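*Asks:* Keeping their order, the protein sequence lines are chains A and B.
For the first sequence, the positions run 1 to 158 when the UniProt record's numbering is used.
For the second sequence, the positions run 1 to 911 when the UniProt record's numbering is used.
Calculated from the structure, these hints are not laboratory results.
This structure is a prediction, so every number in the text was calculated from the model and none was measured.
Errors might be hidden in some of the hints.
Unchecked claim - Capping the alpha-carbon separation at 27 Å, the derived lysine-lysine pairs in DSSO-like fashion look like this:
{"hint": "1", "chain 1": "B", "residue 1": "Lys606", "chain 2": "B", "residue 2": "Lys394"}
{"hint": "2", "chain 1": "A", "residue 1": "Lys109", "chain 2": "B", "residue 2": "Lys78"}
{"hint": "3", "chain 1": "A", "residue 1": "Lys28", "chain 2": "B", "residue 2": "Lys17"}
{"hint": "4", "chain 1": "B", "residue 1": "Lys369", "chain 2": "A", "residue 2": "Lys30"}
{"hint": "5", "chain 1": "B", "residue 1": "Lys727", "chain 2": "B", "residue 2": "Lys208"}
{"hint": "6", "chain 1": "A", "residue 1": "Lys29", "chain 2": "B", "residue 2": "Lys22"}
{"hint": "7", "chain 1": "A", "residue 1": "Lys128", "chain 2": "B", "residue 2": "Lys17"}
{"hint": "8", "chain 1": "B", "residue 1": "Lys830", "chain 2": "B", "residue 2": "Lys814"}
{"hint": "9", "chain 1": "B", "residue 1": "Lys369", "chain 2": "A", "residue 2": "Lys60"}
{"hint": "10", "chain 1": "A", "residue 1": "Lys60", "chain 2": "B", "residue 2": "Lys108"}
{"hint": "11", "chain 1": "B", "residue 1": "Lys36", "chain 2": "A", "residue 2": "Lys13"}
{"hint": "12", "chain 1": "B", "residue 1": "Lys608", "chain 2": "B", "residue 2": "Lys369"}
{"hint": "13", "chain 1": "B", "residue 1": "Lys17", "chain 2": "A", "residue 2": "Lys29"}
{"hint": "14", "chain 1": "A", "residue 1": "Lys93", "chain 2": "B", "residue 2": "Lys825"}
{"hint": "15", "chain 1": "B", "residue 1": "Lys36", "chain 2": "A", "residue 2": "Lys43"}
{"hint": "16", "chain 1": "A", "residue 1": "Lys109", "chain 2": "A", "residue 2": "Lys43"}
{"hint": "17", "chain 1": "A", "residue 1": "Lys128", "chain 2": "B", "residue 2": "Lys290"}
{"hint": "18", "chain 1": "B", "residue 1": "Lys606", "chain 2": "A", "residue 2": "Lys53"}
{"hint": "19", "chain 1": "B", "residue 1": "Lys26", "chain 2": "B", "residue 2": "Lys36"}
{"hint": "20", "chain 1": "A", "residue 1": "Lys28", "chain 2": "B", "residue 2": "Lys22"}
{"hint": "21", "chain 1": "B", "residue 1": "Lys608", "chain 2": "A", "residue 2": "Lys18"}
{"hint": "22", "chain 1": "A", "residue 1": "Lys13", "chain 2": "B", "residue 2": "Lys22"}
{"hint": "23", "chain 1": "A", "residue 1": "Lys109", "chain 2": "B", "residue 2": "Lys26"}
{"hint": "24", "chain 1": "A", "residue 1": "Lys43", "chain 2": "A", "residue 2": "Lys93"}
{"hint": "25", "chain 1": "B", "residue 1": "Lys15", "chain 2": "A", "residue 2": "Lys29"}
{"hint": "26", "chain 1": "A", "residue 1": "Lys30", "chain 2": "B", "residue 2": "Lys287"}
{"hint": "27", "chain 1": "B", "residue 1": "Lys608", "chain 2": "A", "residue 2": "Lys28"}
{"hint": "28", "chain 1": "B", "residue 1": "Lys289", "chain 2": "A", "residue 2": "Lys93"}
{"hint": "29", "chain 1": "B", "residue 1": "Lys208", "chain 2": "A", "residue 2": "Lys60"}
{"hint": "30", "chain 1": "B", "residue 1": "Lys290", "chain 2": "A", "residue 2": "Lys93"}
As the list claims (entries may be wrong) - Computed far set for chain B versus chain A, every beta-carbon distance over 10 Å:
{"hint": "31", "residue": "Lys214"}
{"hint": "32", "residue": "Asn335"}
{"hint": "33", "residue": "Thr359"}
{"hint": "34", "residue": "Val376"}
{"hint": "35", "residue": "Ala480"}
{"hint": "36", "residue": "Glu592"}
{"hint": "37", "residue": "Gln703"}
{"hint": "38", "residue": "Val865"}
No residue lacks a Cβ here, since even glycine has one placed at the ideal position from N, Cα and C.
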Amino acid sequence: MMHFLLLFSRQGKLRLQKWFTPVPEREKKKIVRDMTTMVLGRKPRSCNFLHWKDLKIVYKKYASLYFCCGLDAEENELLALEVLHRYVELLDKYFGNVCELDIIFNFEKAYFILDEFLLGGEVQETSKQVLSRSIEASDMLQEAEIDNSDYDLELGWP
Amino acid sequence: MRGLAVFISDIRNCKSKEAEIKRINKELANIRSKFKGDKALDGYSKKKYVCKLLFIFLLGHDIDFGHMEAVNLLSSNKYTEKQIGYLFISVLVNSNSDLISLINNAIKNDLSSRNPTFMNLALHCIANVGSREMAEAFAAEVPRILVAGDTMDSVKQSAALCLLRLNTTSPDLVPMGEWTARVVHLLNDQHLGVVTAATSLITTLAQKSPEDFKTSVSLAVARLSRIVSSASTDLQDYTYYFVAAPWLSVKLLRLLQCYPPPEDGAIRGRLTECLETILNKAQEPPKSKKVQHSNAKNAVLFEAISLIIHHDSEPTLLVRACNQLGQFLQHRETNLRYLALESMCTLASSEFSHEAVKTHIETVINALKSERDVSVRQRAVDLLYAMCDRSNAKQIVAEMLSYLETADYSIREEIVLKVAILAEKYAVDYTWYVDTILNLIRFAGDYVSDEVWYRVIQIVINRDEVQGYAAKTVFEALQAPACHENLVKVGGYILGEFGNLIAGDSRSSPLIQFDLLHSKFHLCSVPTRALLLSAYIKFINLFPEVKGTIQEVLRSDSQLRNADVELQQRAVEYLRLSCIASTDILATVLEEMPPFPERESSILAKLKKKKGPGNLHPDLDENRKERSVNGGTVAASPTPSTDLLGLGSTIATQNSAPPVSKGTSLLVDVFSENIIPDMRCLPLAPFPSRFVCKNNGVLYENQLLQIGLKSEFRQNLGRMYVFFGNKTSTQFMNFAASVFILCIPADPTVDGGAQLQQILNIECVSDFVDAPVLNIQFRYGGTLQNIAVKLPITLNKFFQPTEMTSQDFFQRWKQLGAPQQEVQKIFKAKNSMDTEVTKAKIMGFGAALLDGVDPNPSNFVGAGVIHTKTTQVGCLLRLEPNTQAQMYRLTLRTSRDTVSQRLCDLLSEQF
């Protein structure tokens, strides 16, 4: 199974973190630090796999963002690369040419899409069509619910 | 939620960390006041503020309020509010939160809502949090949802993975029930997404209780076969870049790795077909140039290879897998080279493919030298270590040593350990071993841990023939103007013990030796100085002529008044000892160190610790190494030589007590405890015939117990590691295993899921036919279990291969021409007549395979010597396949008729 998935920028800014096993907050911070230094320190055209403690680390860079996950030792690295790719495809389809800003401003959507795709560190559904349909369906629910309250008084705050 | 977007861009516009914190504190104050305010907040505002809190938390700040509001959102009937509530809970609620009962309540409502969207949100939340309280609350409900007939597919998928999560976090709360059988049938589901999720669940459950999920094997094979043979368009959206359902394929292959090869011939054949198809596809031209296509295709291929290695039973597939990996070793994609190196490591430990892996040695060495990426080089080191054996040890150790000089700092210590282990394990002459370790210290002294230099000293002390050489070599090494402190330690110890062996040479007279050591003294740390002081006092005993010089050194203020109490004490005591003791007493006190008890090298334990338990396939790999460390010396074992085989035994105690002493106490146990079962009344399980040509594998398995073997033989001696694995979750009591009349007092209890290891030392006294029997007796639950299996110790295990020329062969063949010396058998082929497989089997049988001896190239000719305690029996063999008739003719000629007969019987069963 996958233990965690991290998205971070070239500057090491964490954009998304998903933990599939219970990890204390301190330990999380340490792992994030280790991953960013390790992955950002890699030379270009290195292989996408690393060993770290008992885990296999698989990472890939998409534009300015690094996608990095930690896997059990018996997991398949190549397929993990494609898990990352499928997630990027899903984000891309949802946001239309996804960029880092989309993920920053719509982090709750990014988490939601991830939950539809991976659950408990395992792939739940791999079909892009099925996934897109369920993501769209929830958006429809959202559309229906939106009322005028979106024009709230907060616009000018502060 | 504009407020949120505004807040996020505010944060992004902050120029400094302080500004960001200021902005966040302002926002937190605002939210707190809203939450505490008199005016009740509507759902939308609550959602927005909760979302802001979540954002702040994800930035890395602590959040200590808002949980209650998030929980309130869960009971909203608006989807987005509920969704944000669940998201907040998943990210922020740790498993022991007080709110868990409130959360559970909301989840319960959603699970019973029959609204699939809400049910999914609730199931995701259980899977994300996965706490014990949640497991307690929903362990019964989730399986029900999973197998209910009217559950929507997407909910089934969530339920399957949710159950998987609960099972990993609290397995005791998720009991198997009538749902298990129905879960297995999800493998037949129409919806591939459901099958994918279910396969993950079944794999995890099958690892824990293989018996309960045994039926999944045939279903998984059937499903896999349908996917593998489908056209790429058949599976619609489950085809990923022209590869049919790669995720599901990989998961099915992984599930099959929980089981041994299927016993049912038809299923087994179908699986072999699938694996062959996958291997064939690797040779087809790619259907797309996209990397996603090749990744997905190769992901399936690598998983198939893992399964082939796991089964370790089909030589043809193993050799094909090895060839495929060999191709990848040269691939232009770094990822594939990395994975090929990694995968080959496990292949190297299979008896069938070890030789095939070895043929790639030059490529791997080249990778070590030329790969730009350190993580790839690291895999190359691992593979060299795995493929090392007696034939290539010198080359591999030399390459690793030369790589060490430029190696990355992060992996130096590991390489040092590996070189030390290989050098010891494959040392034919110990001068090479000593040279290797000294080179290690020279090239990477800082990374040579204590275990490594302790070990070289133990070995030098235990082996007379190398002591003079060691003394000479360390003396020379110490001449270097700057040498590593570890070298001073080794040098001090060895010269203190064996300096006399080189003292005859005027260039290394006692005084020169002493001066050389003492010139390093002041540069060393306290422990090394203490060691040197001991070396000095030993010198006083070895060389009375330098007594005065050394006493003067000991008497100096820097020693007698040293600030370090240990050094001071040694100086005082050694000085007094040298002054008052007579020569005789000195000689007794300072006598040469007695040999160390033989035991497992502590270096191995260190390597294992360093690599961590999760490293690849450490069990297989490390154990393979382990079994012959110290292999050069077989511990003296109590050997009642009343039988063909003298079987001594020692309990494996990892790098602790020496086996010798255990062995002596054993005799008492043997005769005091009367627990020898009557063999005649037991069903006797024969060993699988593949063990004739193989040394490792699973010997016996039933519902309770699995017996694994790893063994090695050299000349007339052998050592066998027997692993008893308790497959149940209950403890076995009064566990005892015995061989023939000799009892092995094993640890009397074996915990559920635990494994017990025993070592048998074997000696072949004379040639024999019957294999010894291993009797096992233990109490499981209330009943006494008796199991008897034959141990795969066959005459051919004591075979040593002999290479010879064609001329020699035929000369000897003629010499063994007496009618009783030759045994011939003509028999029908039971397996496919594959040349490579036959070769592997003859080599596995123990004979050297002689190429170019027989005039007919399709015949196989082998030679070797059977070693027994009293005699050696030369053996020649010839195997003539007739592919048209599917027959073989096997001829054995040896100097002893019984040996010819027995070897012929054994070998003819293999084809």
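*Asks:* Give me the numbers of the hints this structure contradicts, sorted from smallest to largest.
*Replies:* 4, 7, 8, 10, 11, 14, 15, 16, 21, 24, 26, 29, 32 and 34
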